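Here is what each chain is made of, one letter per residue.
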Amino acid sequence: GAVVSQHPSWVICKSGTSVKIECRSLDFQATTMFWYRQFPKQSLMLMATSNEGSKATYEQGVEKDKFLINHASLTLSTLTVTSAHPEDSSFYICSASLLPGQAPFEQFFGPGTRLTVL
Amino acid sequence: AQTVTQSQPEMSVQEAETVTLSCTYDTSESDYYLFWYKQPPSRQMILVIRQEAYKQQNATENRFSVNFQKAAKSFSLKISDSQLGDAAMYFCAYRSGDFGNEKLTFGTGTRLTIIP
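Taken in sequence, the protein lines are chains A and B. Using the numbering used here, you'd call the opening residue of the first sequence number 1 and step up by one each time. Using the numbering used here, you'd call the opening residue of the second sequence number 1 and step up by one each time.
Any given hint could turn out to be false.
[What the hints assert, rightly or not] Simulated crosslink set (DSS-like; lysine-lysine; CA at most 27 Å straight-line):
(1) Lys-55(A) to Lys-55(B)
(2) Lys-41(A) to Lys-73(B)
(3) Lys-103(B) to Lys-41(A)
(4) Lys-70(B) to Lys-64(A)
(5) Lys-70(B) to Lys-103(B)
(6) Lys-70(B) to Lys-20(A)
(7) Lys-78(B) to Lys-55(B)
[Stated by the list, open to error] Selected chain A positions facing chain B (Cβ under 8 Å, derived; list incomplete):
(8) Ser-90
(9) Phe-91
(10) Phe-105
(11) Glu-106
[To be verified] Using C-beta positions, here's what the derived DEER-type ranges look like:
(12) Gly-16(A) to Ala-16(B): 26 to 34 Å
(13) Pro-111(A) to Thr-108(B): 15 to 23 Å
(14) Asn-70(A) to Gln-2(B): 23 to 31 Å
Simulated from the structure, these hints should not be mistaken for laboratory data. Computed from a predicted structure; not experimentally measured. In this text, a Cβ means the ideal position worked out from N, Cα and C, and glycines have one as well.
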C-alpha cells in the first residue's frame, strides 16, 4: 500500500515552454503532498507543500510564479514549470503523507521526473 | 529550525559485514519522528526504518537497526550482513511531531558502497 506515482518519468522540452508533472497517490488519500528538487549527488530540497483545496506553501527562494502547484483532489497534485530554461533542468520528486494524525507518519515518495530543458 | 547532519559523505563495507551510518540532529521539540531513507541508483526513495522519539526502544527492521540517543540527538543506522543491494545513498530525515507541520528535513546523505 501507500504507492505514489509520477508522470512523466522523463521529459525533454525546449527553452521557453511549460511542462506539467503529475503526482498521484494510488491507494490512499493525501491532504498534503510535497514537491522536491534534487540536483546530482545532492540531497532533496523541498520546494513547496501542496495542500488539497488551498494554495501551496513555497519555501524561501522558490519562485511561485515559475513553479505552479495545484492540488485539485485528495489524490492528485501537479507541478507546472512555466517558461522553462536550462537551469530548471533537474530531478523533481513528489511525496505524500497520509491524512493528518494517521499513522504511519513518513512520506511516501514517487519515482521522480527527470526534466531536461534544451 | 531543525537541522540534520550526516558527517560521512561516503562509506564502504565488505559484503556480509556490518556498517554504521551516523546522523545527528538539532531540535528544541520533544515530540518528533526520525527516518532513514534509501535512494538506490533508480532514485526511488525507499523508507528503511522509522523511530518515534517517544519510544525508548530502538527500531529494528530485519538487518537494519538504529541506535537512537535522544539526549545526544543522535540517530545512527546499523546495517548487518551487508548485501550488494544495499548500495545506495542513505538519507536521515526529521519530522516534527506537530501534525500541522509534516515537512521532512533531510541530511546531506551518505553514499554506501558494498565491496564484493
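Against the structure, the hints:
no. : hint                                 : result
1   : Lys-55(A) to Lys-55(B)               : violated, 35 Å
2   : Lys-41(A) to Lys-73(B)               : holds, 26 Å
3   : Lys-103(B) to Lys-41(A)              : holds, 21 Å
4   : Lys-70(B) to Lys-64(A)               : violated, 37 Å
5   : Lys-70(B) to Lys-103(B)              : holds, 20 Å
6   : Lys-70(B) to Lys-20(A)               : violated, 42 Å
7   : Lys-78(B) to Lys-55(B)               : holds, 18 Å
8   : Ser-90                               : violated, 12 Å
9   : Phe-91                               : holds, 6 Å
10  : Phe-105                              : holds, 5 Å
11  : Glu-106                              : holds, 5 Å
12  : Gly-16(A) to Ala-16(B): 26 to 34 Å   : violated, 53 Å
13  : Pro-111(A) to Thr-108(B): 15 to 23 Å : holds, 22 Å
14  : Asn-70(A) to Gln-2(B): 23 to 31 Å    : holds, 28 Å
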